[in-house]
Structures are given as structure tokens and as C-alpha cells.
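Quick note, the sequences are listed as chains A and B, same order. Heads up: the first sequence is residues 1 to 325, going by our numbering. Heads up: the second sequence is residues 1001 to 1417, going by our numbering.
Treat the hints as calculated values from the structure; they're not laboratory data. A virtual CB, placed ideally from N, CA and C, is assigned to each residue, including glycine. Worth double-checking, as some hints may not be accurate.
[Unchecked claim] Derived coverage of chain A by chain B (criterion: at least 3 residues anywhere in the stretch with Cβ under 8 Å from a Cβ of chain B; other residues may be distant):
hint : segment
1    : 114–128
2    : 134–146
3    : 177–187
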Amino acid sequence: MRCRRILLAAGLGLAAGLATPAPAFTVYVSNEKDNTVSVVDSTTMAVVRTLNVGQRPRGITISKDGKFVYLCASDDDTIEIIDTASAEIVGSLPSGPDPELFVLSPDGNTLYVANEDDNLVTVINLASKAVLAEVPVGVEPEGMGISPDGKVLVNTSETTNMAHFISTESHAITDNVLVDSRPRFAEFKPDNSEVWISAEIGGTVSVIDNASRTVKHKISFAIPGLRSEAIQPVGIRITADGKKAYVALGPANRVAVVNAETYAVEKYVLVGQRVWQLAFTPDQKTIISTNGVSNDITFIDVASDEPVQSVTVGALPWGVVVSSN
Amino acid sequence: MGFSVPLIFNFVIFAVLIGVMGPAGTFAQEQGTPAKLASEQDNTPVPAIRLGYLRVPQQRLALSVLDVPPVDAGVAGANLAIGDNNTTGAFLGQKFSLDVMQIAADGDIQAAMSTMISNSVRYVVADLPAAQLLAAADLARDQNILIFNVGAVDDLLREEDCRANLFHTTPTRTMLADGLAQYLIWKQWRRWVLVSGSHDGDRLFADALRRAALRFGAEIVAERQFVDTGTARRTDSGVVQIQRQMPVFTQDFPGHDVLLVADESEVFGTYLPFRTWIPRPVAGTAGLTPSAWHPASEQWGGTQIQNRFFRATGRRMLSKDMAAWIAVRAVGEAATRTRSIDPATIAGFIRADDFSIAAFMGQKLTFRRWNRQLRQPIFVGDGRSVVSTSPQEGFLHQFSQLDTLGIDQPETRCAQQ
């Protein structure tokens, strides 16, 4: 059995043990403290460029065609648009005050932004940049998940502790589901059957059945030798076949690998310190974590669930997306 | 119910009924009525969960005008939590309200409590001195009313004088002293001198600091007392005399790393930083101070509540505001999780072993089962910014690292279990 070790490299490094050379993807990482975005080549795992962006960048999203990356600069009350071909900032969007997280509709026409200070979800038409609607939700909205068919938006409110299901046609809330303390992230299963909600202080992930809008299962985590308060789930990603899920566990410094059909936690992958968010490469062979306190990102091989390498980026990395080019 | 008005009895009622509101002031009906939970029925009337806030006027004397507490300290935090509870409550058909009552510093609790009880108040947030707090708890006991202490730091209230219906969301003197001490030990500033005032509160905090030194391995190399001779706090001559008095007062100490000050009474402590005979950091009730919350704390999502509080009040959120916010939110959280407005159900939920609340402190906060003191981290700061939060890394505990702060279960003198 091949032995793999995590190599902490400041610059170049090679992916250990991958049988075929991986296609080159570009990883964009928002660095909350540096006010930059690190651009990383997924094959060489090297930082190829550092973009200066607005104040306190966190939420980051990529358009479906991979042409544009959208970045929330929350202290500047703006969303910046980065052209992936040139890696330049080409424009900005009105977001309402203090935008933290947002999602794009699958057809790429609409942006949904959580405005945490105002207890609102703002709906923006991307072409005209016009605000289409403001939806009042619970206290401190942050997590935003959009269904694969684009019909349902789920927003989580951190102090109300609910997942609000919002119809994207009427912009009205249709259901409110109570979850555990401080829900940060909402992720739909690719087949639309479930929504997974992470509770940062509650320490759990609630699996909500999308048809009945009830919690069908709650996933707990336990790591030997680690006090349970340190397990604080935030980002969640689910593979396209719906079989495996990854959960970033915050100050537990690990990513949990969960069987998305049985909900059993199968493994904990040690990455860097204070893991926030996760992103798959487009071929889903690799998943990348942002490690906020160790200032690096970790590439994890999806087939083996082994960490391959950690790469230093900017200060306090938070969000991550991967484009196909 | 009629009231006689004796001269010492200053009785002001602010009935603050807060309806459905969000910080933006809008709850747009045109977006469609927010749906109830999937299992809820429609067309239910909106019942009220009534809380009370019982307080004495804030201590006004301070050496610096910046340290004079705002008139609405504590109440503002409770009001913000009522608003947050109502935003959540709108999705569940629950509505919260707060009746605020103020009595004189040595006033009679009984009439105030009777009024609250007759107004169907079942949860009282209390900012009272220890004696009145115990009187309130004893009056409330037979009615199964929960009292939440947000102002009194006396360890005695959690030990010999604990009460089954008295919860504490503000920390004790020993928790504050331990939080500060752990940071000083982490810094390896282990040699302390202790200067304390002559009033009871000053002596009690000095006791807590001595206990912390013993507990965490610091050495108090010398002590000195500053006696209150009844002087005015702030004068037209300003600091001219103080500049000469403080260095002389702190002369001739043996070698030390930190000068600790225990001056809850605001007589001399603020004058010590930067005026000591030899250059040493000052910590305790002045200089580097431990607190339950910090007005500049932005970590752990703190920015969110700080912004909401500032927009509602025009000032920064202080420790007493946060203690009151937590108390009111505990009731709200219980009502949400049980989907109930029944006081027995809500109280039972709060008393349960697994009750916890999130309060922008990076981990869930729980009540100590043996004396109902809220476990919480302690902020260590200088008034301008957060320097650290305790417990510090490396201080271990069998059950909860937060229990390294204050008097722990094996040591408790609280007979209630």
C-alpha cells in the first residue's frame, strides 16, 4: 500500500501517486484578511497570480460557463466580477449592504444574495443589475443553496436557526425548517431529493427531505481526543452521483467524508487549521479545502480520500471555486 | 392594584411592548406571508410570551466619563433579543414582549414582583444587587418563575446562596479573575503585585485574584491597599496631582511583571496605567480587564450582533447588554425548539442537560447543572480592542474547558443539585 504524506510547500509541488496527469483547472481562493484572490493552477498546485480585490472578500461563486467569478467584498458592500480568461476584475454588481454569501441561478441569469445586517435575501437580475425582490428571512441570513432545477432557493438564518425554502418564481417563503444552532451552509443533492444544512455551533448536519420539507436525518461527528466544541461544520459538497459528501469541520482541522446514502461518517481527513469551505474540480477527482488559520488550501484526492498537498495562499483564506480553464 | 408611594420608593414602569419587527423596520407583506413550519396549522392566534426586566439605577460614579454606564445598560440588550425572538417567532406564531421596571437601589422588591406576576410574566431578567436578587428569587419560587441574573458578580449567589430558580448569565468574580490570570500565565507574566481598594467589592475581587494566583501558578510578591477617603471622582484640576500621587503610591515594590488592581468602586484604579513608579502593565479593574463581552469583538460572527445593536441604540454593546441578550434569547430558543409557549415546558427545556445557546463566542454556551451559572469564555481587553479570550490554550479540563474558569463542581458549596 502506497504511503502518502501531506507535503506543506510554499510553492511548487507535484501531486503524489496520481496515475494520469490531471487536466489543468484554475482554483480561485478569497483571502479574507489580505483583500486578495489567490489564483492557483490545479496541476502544478502553485499560486500563479494574486489579484487585489475589495475589502474583506469571502463568498465566491463561478458562472456555469466558467467565464466569470463573482466575489463578495463584504466591507465594500459590493460583488466584484472577475473575468477568468484574463483573471482581471471587469465590473461589479449591486448587492445590498454587507453581502456575505450568494448563489447564481443555474441558468446564470439571477443572483441571490444574503444581506446579513438586514435579515434579507436580495434577488438581482445579472443582465440589468436590477434588484428584483427582497425577501425578509430570519435573523442573520448567510447560507444560500439553489436547487439543481433552479426552482427552490434555501437560505439559512444563523440566529433564528432555520432553513427558509423560497420559491424562485414567487420570491415567497414556502417552508421554514428548524435546524441546529448557527446554520451556515445549504447544499442540495444533485438529484434534488435532499438539502444538507450545516450547524456550526450545533455541530451537526441536518439532512432535509426536499419533498416533505422535514429533517430526515441528523449527522453528528466525533473525533477521538478532540473536544466536541471544536467540531464546527461549515461548507458542504456532494458528489454528482449523490454517493459521497464532504463537510468542512472548522477548528477540528478536518474534512469529514460522509456516505451520502447511509449518512455514515466514513473518514476524517486532516487538512489545515480552521477549515471553512470546499470546492470540487470540474472532473470531481479532487476536492479542495480552505484552511483559514493556517493560510493554506489542501488538495484532497476524491478516489482515496487522502490529502495530497497543502498550498500556502493569502491570509485567512475563506471561499474557493474552480473553473474549467 | 393600588400603590402607596413612600418617599424611598421610586417606581417607574416602562411597558415596552415590542411587536413583530426586523432591524430594517420592514416585514414586507407583499412578499407573501412567511409560512409556518410544515407541521403547523394556519389561523392560530398569536399568543404572547411575556418577560420582565427588573433593575436598579446604574452606578453613575466613575473616574473616567467614558466608563459611566449608559442609562439603558442591560435593557438595551434585552430589547434587542426581544426583537430577534420576534423575527424568529413570526415564523412560528409566537410573540415576545418585555415589561421593564426600575426600583430604588435599596427599594422593596415585593411590589415590583407582585406586579410582574399579576401581568403573567413568567421569566424575569434581573439587574439587582445580591440581597434584592435573592428576595426576588424567593418570591418567584412558588410561582415557578425563572430569574436570570445579568448584573451581580458575587460568587456567593452561585455557592451558599444558590437558588433553584436563579440562573446567571453574567460571570462571577472568580471567572473574571481566572480569565485574566490564564492570559497572564500564558504570557509568562507570573510575578504580580496586588493593589486593592477598601470597599467590599474591591476586597472580593482581590480575593478572586489571590485564588487565581494560587490556582494557576502566579506569585503575588506584594500587596498594598488604597483607602477611599471620600474624594470626588473628577475635578477641574484634572490630573496634575494624580500624576505625582500615583508614582509615589506604587514606589518600592519588589520585582514584578504586572500590577494588578482591584478597584470595583472606581476610586483610584483608572489612574494607575502609565503612572506606576517603574514601567509595568496594569491589569484587573483597570488596564487589561476581563469582561463577559467586548464592545469591539468581531470574531465568531460578532460583527452581526454589534451592527444590529448599534443600529438599534446608537452605542456599542456592553457586557451587561450581552448577558441580558443571552437571557432573553434562552427563553426564545426554548420556545422555538419546543414550539410551545407553556412556561413549564419552556423552563423544563432550559433546565435540561442538553440546553445550549449560541452567543457569538465561538462555541455553544450551557448552564452549569449544579448552580445554573452560564459557562462562557472571558474576554481580556483594554477597552479599545480584544487582546485575547480565555480559557487559554493548554488549560485542560475533564468535562468542559470553560469549567477552568470560576468555581468548579467539585468545589461548589451550592446544595441544590
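For the segment 134–146 of chain A, does the count of residues with a C-beta closer than 8 Å to a C-beta of chain B reach 3? It holds, with 6 qualifying residues against the three required.
Three-residue Cβ test at 8 Å for the coverage of the segment 177–187 of chain A by chain B: With 4 residues close enough to chain B, the hint holds.
Take the segment 114–128 of chain A, compare each residue's beta carbon with every beta carbon of chain B, and decide whether three or more fall closer than 8 Å. holds (count 5)
Violated hints for the displayed structure: none, as all numbered hints are satisfied.
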